[in-house]
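There are 2 protein chains.
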Amino acid sequence: MGNPTAAMLVIGDEILSGRTRDANMHFLAGELVKHGIRLAEVRIVPDIEPRIVEALNALRAGHDTVFTSGGIGPTHDDITADAVAKAFGVGIDVREDARALMQDYCDRMGRDLNEARLRMARIPDGASLIENPISAAPGFRIGNVCVMAGVPSIFQAMVAGVLPTLTGGDALLSQSLTLQRAEGDIAGALRGLAEAFPGLSIGSYPFVRDGVYGTNVVIRGTDGARIDAAMGQLSALFPEAVA
Amino acid sequence: MGNPTAAMLVIGDEILSGRTRDANMHFLAGELVKHGIRLAEVRIVPDIEPRIVEALNALRAGHDTVFTSGGIGPTHDDITADAVAKAFGVGIDVREDARALMQDYCDRMGRDLNEARLRMARIPDGASLIENPISAAPGFRIGNVCVMAGVPSIFQAMVAGVLPTLTGGDALLSQSLTLQRAEGDIAGALRGLAEAFPGLSIGSYPFVRDGVYGTNVVIRGTDGARIDAAMGQLSALFPEAVA
Chain A
1 MGNPTAAMLV
11 IGDEILSGRT
21 RDANMHFLAG
31 ELVKHGIRLA
41 EVRIVPDIEP
51 RIVEALNALR
61 AGHDTVFTSG
71 GIGPTHDDIT
81 ADAVAKAFGV
91 GIDVREDARA
101 LMQDYCDRMG
111 RDLNEARLRM
121 ARIPDGASLI
131 ENPISAAPGF
141 RIGNVCVMAG
151 VPSIFQAMVA
161 GVLPTLTGGD
171 ALLSQSLTLQ
181 RAEGDIAGAL
191 RGLAEAFPGL
201 SIGSYPFVRD
211 GVYGTNVVIR
221 GTDGARIDAA
231 MGQLSALFPE
241 AVA
Chain B
1 MGNPTAAMLV
11 IGDEILSGRT
21 RDANMHFLAG
31 ELVKHGIRLA
41 EVRIVPDIEP
51 RIVEALNALR
61 AGHDTVFTSG
71 GIGPTHDDIT
81 ADAVAKAFGV
91 GIDVREDARA
101 LMQDYCDRMG
111 RDLNEARLRM
121 ARIPDGASLI
131 ENPISAAPGF
141 RIGNVCVMAG
151 VPSIFQAMVA
161 GVLPTLTGGD
171 ALLSQSLTLQ
181 RAEGDIAGAL
191 RGLAEAFPGL
201 SIGSYPFVRD
211 GVYGTNVVIR
221 GTDGARIDAA
231 MGQLSALFPE
241 AVA
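Quick note, the sequences are listed as chains A and B, same order. For the first sequence, the residue numbers in UniProt numbering are 1 to 243. For the second sequence, the residue numbers in UniProt numbering are 1 to 243.
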């Protein structure tokens, strides 16, 4: 598939420690599909600067766009902005436009723009800001990297702002069919289907429900007519097994 | 923290496409914590052999143990076992002990051990089998890599079998406290706490509930008494804010 690719870098001890179950990756994956961008890799690393720098440099070299989530808050363990500056070899400091956004928000909320909050106005040189309509502290974009908050509601708002500015590809379409057959009984047919439709990706996901073995088959691609044709062929092969 | 480290490699178009929300990573992270092993990195790659080989070689060089999930089923897109063999530079073929497990299971279930199912008995040279108490097709362990199924119930059963055989470390303990304070208002205090307790990891996770801004503070480490002390100091700093 010739679609643009994206990668995601999740900076988060809270996911690696098992405390939180990822939500941002799942959200981003779904949004990218609609936009015709293929999420091609995800890495999750802890809040350790060299690990963030190394992963970011690998991902930004290999993909059209990289999204990061997490680590841009006000506390001592929020080190993403510094790590990004280091990865790009640029300086970082409090920037006036970001500071003004924070000041305005703090004024409205009756909060103090203290030293901790001011950390959130530190932006790597050459970056453009990504709007945070929820709590003002901006994300930013530098090169092909979009740096976003880890709090899901803010992450989602930032994705909504960024996505329309990215070059999408043909919509990534999918259809699925649930067959009441064990995966091992349909594997041969699926291989044949994959060979007959080389432009499509054919995935199968086995399950057991009420003691019955079944398989969800998902056919993905950008050519809706070909997906229809492959789906038609699949259901014709197992007419009595379609759930 | 001097605990052993682990990494996880998720092989799964179904997660990258947004179809499925990860469950195995979250489960594994929680189990490793109990066992005193620190999950230090996760990568999610698509069902593409060179991507699996590259990620696996990077992870197995950097961590004590690597767990993979997904891609060991019977279909054409189940290429994990071959990719692992390639990463280790060893051969792979149907192995008699794995074939016998599959044959026994198929006999009991009245299934045909067809060519597709026989793929699941292909084991890289030098690997040992990981038992699958649910559907027989084994995982395997080669070097420091444990290769496991992606179906969550089977993944979990395999983890339960493997974990007792791994060297754990001191239990990774954590305590959390919910403060009814915005993260930016407690960031200075948290930094001070982190400096006073250098052996502990102090994370903060902001939230908004019913219009009230709050922060969950999580203190992690292996020294329970130190965690108690840090927690005591934190709640003394914000006595009226403890939710």
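Source of the hints: derived by calculation from the structure; they are not laboratory data. Even for Gly, the Cβ is constructed at its ideal location relative to N, Cα and C. Hints may be right or wrong, so weigh each one.
Reference listing, derived: stretches of chain A covered by chain B, where coverage requires no fewer than 3 residues with Cβ under 8 angstroms from a Cβ of chain B [claimed, not checked]:
no.	region
1	11-20
2	63-77
3	80-93
4	160-167
5	190-200
6	228-234
Comparing the hints with the structure gives:
Coverage of the region 11-20 of chain A by chain B holds [criterion: at least 3 residues with CB-CB distance below 8 angstroms; count 8]. For the region 63-77 of chain A, the stated coverage by chain B holds: 5 residues have a C-beta nearer than 8 angstroms to a C-beta of that chain, and at least 3 were required. Counting residues of the region 80-93 of chain A whose CB lies closer than 8 angstroms to any CB of chain B gives 0, so the stated coverage by that chain is violated, three being the minimum. Counting residues of the region 160-167 of chain A whose beta carbon lies closer than 8 angstroms to any beta carbon of chain B gives 0, which falls short of the minimum of three for the stated coverage.
Three residues within the 8 angstroms Cβ limit are the bar, and the region 190-200 of chain A against chain B gives 3, so the coverage statement holds. Beta-carbon proximity to chain B at under 8 angstroms applies to 0 residues in the region 228-234 of chain A; the threshold of 3 is not reached and the given coverage is violated.
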